[in-house]
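Build the full structure now, drawing on both the sequences and the hints.
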Amino acid sequence: MNTVNDSGVNLCRTLIATAVASVLLAACAAAPLKPDGAAEARNKLMQLQSDPNLAGRAPLAIKEADAAVRTAEQPQADQELAAYRVYLADRKIDTARAQAETRLAEDQRAALSAQRESARLDARTHEADTARSQVATARAEGAQQKLAADQARSESDAAYLAAANSEQQATELQRQIEELQARVTDRGLVLTLGDVLFESGRADLKTGTAGNLNKLVFFLNKHPDRSVAIEGYTDSVGSEDYNQALSQRRADSVRSYLVRQGIGSGRLTASGMGMIDPVAGNDSAAGRQQNRRVEVIVSNPPAASR
Amino acid sequence: MNATSQPHRGSRVRIAAGLTGVLMLAASCASTPPAPTASLQAAQLAISNAERTDASRYAPGELGEARTKLASADTAVKEQRMIMAERFAEESRAEAELASARTAAVKAKAVNDEMTRSTDTLVEEMQRGSGDKP
Chain C
1 MNTVNDSGVN LCRTLIATAV ASVLLAACAA APLKPDGAAE ARNKLMQLQS DPNLAGRAPL
61 AIKEADAAVR TAEQPQADQE LAAYRVYLAD RKIDTARAQA ETRLAEDQRA ALSAQRESAR
121 LDARTHEADT ARSQVATARA EGAQQKLAAD QARSESDAAY LAAANSEQQA TELQRQIEEL
181 QARVTDRGLV LTLGDVLFES GRADLKTGTA GNLNKLVFFL NKHPDRSVAI EGYTDSVGSE
241 DYNQALSQRR ADSVRSYLVR QGIGSGRLTA SGMGMIDPVA GNDSAAGRQQ NRRVEVIVSN
301 PPAASR
Chain S
1 MNATSQPHRG SRVRIAAGLT GVLMLAASCA STPPAPTASL QAAQLAISNA ERTDASRYAP
61 GELGEARTKL ASADTAVKEQ RMIMAERFAE ESRAEAELAS ARTAAVKAKA VNDEMTRSTD
121 TLVEEMQRGS GDKP
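Going line by line, the protein sequences match chains C and S.
Residue 1 is where the first sequence starts when you use this note's numbering, and the numbers rise one by one after that.
Residue 1 is where the second sequence starts when you use this note's numbering, and the numbers rise one by one after that.
No lab work stands behind these hints: they were computed from the structure.
All values reported here derive from a predicted model rather than from experimental measurement.
Glycine included, every Cβ here is placed at the ideal spot set by N, Cα and C.
Misleading hints may appear alongside valid ones.
DSS-like cross-link-like pairs, simulated, lysine-lysine; straight-line CA separation at most 27 Å [what the hints assert, rightly or not]:
| hint | chain 1 | residue 1 | chain 2 | residue 2 |
| --- | --- | --- | --- | --- |
| 1 | C | LYS63 | C | LYS34 |
| 2 | C | LYS44 | S | LYS109 |
| 3 | C | LYS34 | C | LYS44 |
| 4 | C | LYS44 | C | LYS63 |
| 5 | S | LYS107 | C | LYS44 |
| 6 | C | LYS63 | S | LYS107 |
| 7 | C | LYS63 | S | LYS109 |
Stretch by stretch, here's where chain S covers chain C in the computed footprint (C-beta under 8 Å, at least three residues) [what the hints assert, rightly or not]:
| hint | region |
| --- | --- |
| 8 | 33-47 |
| 9 | 86-92 |
Right, here's the structure in full:
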C-alpha cells in the first residue's frame, strides 16, 4: 500500500508540475509574439516582393521596408512604440512600391516609344500609299482622258485622213482627167478621140494608137462606179445614113475594145450620132477632120454629191 | 514686535528661494531628453522635397498627413514630450517620402498613358483614314 501511496503521490506531483509548466507555456504562447498590424505589414511586403514586375525595381527601398517590418515584428510591450513601428513599416512598403512602379513605368517607356514610332511609321507609310494611290488614280484618270483625247484625235485624224483622202482622190482624179485630156462638162468627163484613130471610111481602130484608150481603161478601172457613153460622129461627106452607120460602127468599135480590156459591157453604151453636132466647119479638110471623132462621156459618180 | 520679526522673515524667504531653485534644477534635470532636432529637420526637408515635386497636386493626402505629423512633433517638443516628438517627426518624414514616391509614380504613369494615347490616336486616325478612302 505504501508503495502504492508513494507512487500515487509521485504521480500527483508530476501531474501538478506538468500542469504548471503547460500553464506557463500557454501563458508564453498567449503573450503577443508580434504587435498588431505587423503581420499585415509583412503580408503587404511579401506581395510587393512576389510581384515579378516590381520586386527587382526598387531593391534599396524594399530592403529598407523589410528592415522596418522586421523591427515592427519584434514583440513590444509598449503599444505606442509598436504602433509607431508598424506605421513606419507600412509607409516604407508603400514608398518602395511607388518607387518600383515609377521604375516600371520608365522601363515600359522604351517599348511604348517603339510602338509609337511604329504607328507613326505606319501612318506615314499609309499617307504615302494614299497619296500614291491618289496619284495613281489621277494618273489613271489622266490616262483615261488621254485615251479619250487620243480617240478624239484619231477620229479627227480619220476625218482629216478622209478629208485628205478625198482631197487626194480629187487631186488624183484631176490628174487622171488631165492625163485623159478630158473636158469636164455637165454631162461628165468628155474625152474626144480624134479621127487619127480611124482610117477614113473605116471603123477599125488604128493599130498602135490605142494609147489614149488605154488611159481611159485605166481610169475606168479606177472608177468602177462610173458608166460610159460612147458617141460616134462623122463629117458631112457622104449620105446621112452612111454617116450614121459609120458613126455607130466606130462607137461600137471603141466599145468592143473597152470590153476586151475588161470593162463591164453593162457600163458601156455606144451610139452613132452621124453628122450632127459638128465641132468645126465641114467646108475645110481640117474642119472635117475635127468633126470625125468619137466622144467618150464618162458620167459623174452617182454619189459624187456627198 | 516689528524689530524681532524682521530677521525671521528674511531667512524664510531665502530658504524658500533656495528650495525653489533646487526644485527647478531637479525638474530640468529630470526632463533632459533634447528635442529631436535631426528628425525634425529631416521631416521638414522631406516635406520640402515633396512640395518641390508638386506632391500637393499628385499626393495631397500623404503630403497633408506629413505636415500634420510635423505639426504634432512641434507641439510635442513644446510640451517637452521629446520621444513623441521624435516619433511624429519620423512618421512625418516617412509620409513625406511616400508623397514624393507616389507623385513620381503618378507622373511616370501619366507620361506612359499619354504615349499610349497618342499611339492609339495615330492608329485610329490611320484606320479612319483608310476607312474613308474608297
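Verification of the supplied hints:
1. LYS63/C - LYS34/C: Roughly 20 Å between the alpha carbons, so the hint for LYS63/C and LYS34/C holds.
2. LYS44/C - LYS109/S: holds, 22 Å
3. LYS34/C - LYS44/C: holds, 16 Å
4. LYS44/C - LYS63/C: Measuring from Cα to Cα gives roughly 14 Å; hence the hint holds.
5. LYS107/S - LYS44/C: holds, 24 Å
6. LYS63/C - LYS107/S: Holds - the C-alpha atoms of LYS107/S and LYS63/C are around 24 Å apart, at most 27 Å.
7. LYS63/C - LYS109/S: Satisfied, since the Cα-Cα distance of roughly 24 Å is no more than 27 Å.
8. 33-47: Violated - the region 33-47 of chain C has 0 residues with a Cβ nearer than 8 Å to chain S, which falls short of three.
9. 86-92: holds (count 4)
When held up to the earlier numbered hints, the structure conflicts with hint 8 and nothing else.
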